[in-house]
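So the protein lines, in turn, are chains A and B.
The working numbering applies: residue 11 is where the first sequence begins, and numbers increase by one.
The working numbering applies: residue 11 is where the second sequence begins, and numbers increase by one.
By construction, these hints were calculated from the structure, which means they are not laboratory data.
Any given hint could turn out to be false.
[Said to hold, decoys possible] Below, in silico cross-link-like pairs of lysine-lysine (DSS-like), each with a Cα-Cα straight-line distance of 30 Å or less:
id	chain 1	residue 1	chain 2	residue 2
1	A	K184	A	K146
2	A	K300	A	K261
3	A	K19	A	K146
4	B	K300	B	K19
5	A	K146	B	K146
6	B	K117	A	K333
7	B	K261	A	K146
8	B	K19	A	K333
9	A	K300	B	K146
[What the hints assert, rightly or not] If you want a taste of the chain A side facing chain B, the calculated C-beta under 7 Å gives, among others:
id	residue
10	V46
11	A54
12	P191
Glycine included, each C-beta is placed from N, C-alpha and C at the ideal position.
2 protein chains.
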Amino acid sequence: MIPDFTFEKTHQSGNARRGVMRTPRGDIQTPAFMPVGTAATVKAMYPEQVRQTGAEILLGNTYHLMLRPGAERIENLGGLHDFMDWQLPILTDSGGFQVMSLANLRKLDESGVTFRSHIDGTAYELTPERSIQIQKKLDSNIIMQLDECIRLPAENEEIERAMQLSLRWAERSKTEFDNAPGRALFGIVQGGDNNDLRARSAAGLVDIGFHGYAVGGLAVGEPQEVMFSVLDEITPHLPHDKPRYLMGVGKPDDLLGAVERGIDMFDCVHPTRAGRHGHAHTRFGVINLKNARHKDDPRPLDEQSSNPNCTRFSRAYLNHLTKTEEILGAMILSQINLAYYQELMSGMRIAIEQGRFAEFAADTRAGWAAGDIAVL
Amino acid sequence: MIPDFTFEKTHQSGNARRGVMRTPRGDIQTPAFMPVGTAATVKAMYPEQVRQTGAEILLGNTYHLMLRPGAERIENLGGLHDFMDWQLPILTDSGGFQVMSLANLRKLDESGVTFRSHIDGTAYELTPERSIQIQKKLDSNIIMQLDECIRLPAENEEIERAMQLSLRWAERSKTEFDNAPGRALFGIVQGGDNNDLRARSAAGLVDIGFHGYAVGGLAVGEPQEVMFSVLDEITPHLPHDKPRYLMGVGKPDDLLGAVERGIDMFDCVHPTRAGRHGHAHTRFGVINLKNARHKDDPRPLDEQSSNPNCTRFSRAYLNHLTKTEEILGAMILSQINLAYYQELMSGMRIAIEQGRFAEFAADTRAGWAAGDIAVL
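Work out the full structure, taking the sequences as your base and the hints as a guide.
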């Protein structure tokens with residue numbers, strides 16, 4: 011008998027929530043940040059290194075995996091966990107977002123979307139049903155419904171059309187999901203920057219009933235205050251006893267502000283991508299290690315960090331590795347960024363337990379605002 | 011009082027030698043393979059991962075390091091060991107070989123060589139004295155003399171001119187080295203494919219007196235049998251009580267054949283470069299993981315290996331990582347190749363101790379000849 015997916019909210023501090031999701035692959039403490047394992051690997055990281063940063067769940071991209079190596083292939087090889095040797099929970103997206111942003115010759119209608127691979131031009135069809143089937147083949151623990159995510163700004167009429175289509179696809183996703191034992195299915199709130207449409211989307215999803223609710227269609231280029239204002243409006247419409255997931259977000263200050271507004275889960279490629287570009291996220295904010303100020307600096311990135319990569323290498327060495335574009339530079343900085351993200355989430359969780367989230371947020375923002383240590 | 015560099019030959023099996031080099035940074039069991047840390051990093055590997063493969067010494071490239079980040083900078087930062095967090099011995103080359111192969115606008119005369127950086131065109135001068143000075147600034151444990159390495163085939167007159175120049179540079183290197191405490195200085199035998207010139211080069215170097223003797227000017231495109239025949243001719247002219255280093259070599263069968271001929275040390279970028287190109291070195295020989303035969307193969311690379319990377323990932327996953335050019339593929343295969351090289355060296359050392367080198371060599375070659383496991 012496979013135990014059901016559950017979520018329990020254990021603490022609240024202001025609107026910030028502390029909880030735990032339980033899955034057959036392990037528990038996930040929330041608020042949680044999910045590193046992105048796009049093509050069955052978190053770029054430049056061994057799976058155990060990702061685990062050691064504190065991550066308890068990864069995100070896998072259905073679009074990338076269905077193209078290469080293919081969902082059926084991964085299924086035949088025992089599922090995504092064994093394929094990439096990550097035995098903890100995995101959330102997969104529906105594939106829809108990347109179809110919209112990466113694929114060629116897209117054609118969307120009521121039934122779903124057809125497109126051609128950006129890699130080799132092969133034609134594919136993605137329907138709400140097919141997306142659920144693929145995510146089951148991948149052996150995903152948290153499955154996302156297919157939705158239509160449109161670019162902002164857009165006309166209300168267009169936003170409403172996409173929101174209503176996403177609701178009908180949510181219904182079809184729920185049917186196809188068919189209460190798969192141990193797995194969770196999340197619905198996705200759409201409605202752009204229109205509060206009324208967002209509220210109607212949320213209400214429609216709650217009527218269908220999901221294990222969790224994601225806020226989609228944000229982090230697509232809008233200013234942070236627009237995103238925060240949508241969250242302020244939408245979270246009162248979401249059930250208190252279900253996890254809330256802000257998709258594709260974000261930078262550390264996005265995470266802090268969204269947890270402050272009642273969000274429980276995040277994913278973003280930013281920490282690993284920033285690492286590959288020579289940027290380190292720290293309690294001092296972002297540090298660009300390609301900057302010449304670090305060239306002769308024997309000091310570590312953060313001498314008080316508990317992360318050995320932050321203390322064992324000089325800034326001069328990290329400057330050298332990033333300037334010469336050595337793979338080790340990408341490896342070290344991806345690890346540093348993922349570890350900082352997990353440290354931030356852990357700090358938020360403890361602060362919520364202690365009922366002092368506002369204080370933690372203020373201290374963290376003050377550290378970022380103070381910036382990096384002085385130039386030598 | 012810093013202890014002197016020493017070498018002790020402890021066993022012999024046929025012409026294959028087993029020994030130990032002692033340096034203030036640690037002992038090096040020979041025959042030894044030195045991974046190459048070109049730009050102060052073994053590409054795609056953390057230093058402790060390199061150590062865990064069994065490596066006891068790294069090679070650093072003077073040419074790359076003098077250009078970026080610069081020898082004075084590394085000196086000011088405490089030397090190459092601290093810079094890259096590799097605390098065991100380091101051998102540095104003289105920079106000469108890469109000046110010849112990479113730099114622009116080279117001009118060579120009696121005093122040394124002037125050139126422009128292949129990165130930004132900056133002008134540099136490298137003399138025998140400057141090369142030693144740079145290698146000391148890097149805090150190298152085994153320093154190589156500057157020599158002139160010419161391409162084969164070449165006229166005898168040209169080979170002799172370069173060999174004689176290299177001998178005069180050897181003398182100047184010895185003077186500049188000035189018995190630096192705890193460090194070793196190696197001379198380099200030149201003379202192309204001319205046995206008489208090779209013998210005269212060796213005799214000249216032995217007259218000057220070095221801690222070890224390298225065979226240079228090989229592995230520059232000549233067939234393996236030419237290289238082996240030069241080794242057959244040259245090793246009788248080298249002192250039995252000093253280490254012998256075959257520079258820039260090679261593939262596993264090169265190492266086996268050269269140890270068979272009395273060589274003690276090797277370095278080569280091949281294992282890490284091959285790893286970045288999707289090739290794995292194993293007891294089955296070379297396996298090209300980009301080959302479609304692995305696409306659906308759930309079997310590990312080598313189920314009997316003691317290296318977890320050879321057993322925990324399927325061939326299908328390694329095929330996926332290499333086809334999608336994921337950094338993790340380069341990380342895993344670089345580790346697998348360096349670990350196999352060290353396993354091969356360790357196997358040779360044990361076989362020499364047991365007086366059964368010929369048998370070990372035959373078994374190893376039979377494994378390579380039998381090739382990979384059958385297609386599923």
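Hint numbers the structure violates, sorted upward?
4, 5, 7, 8, 10, 12
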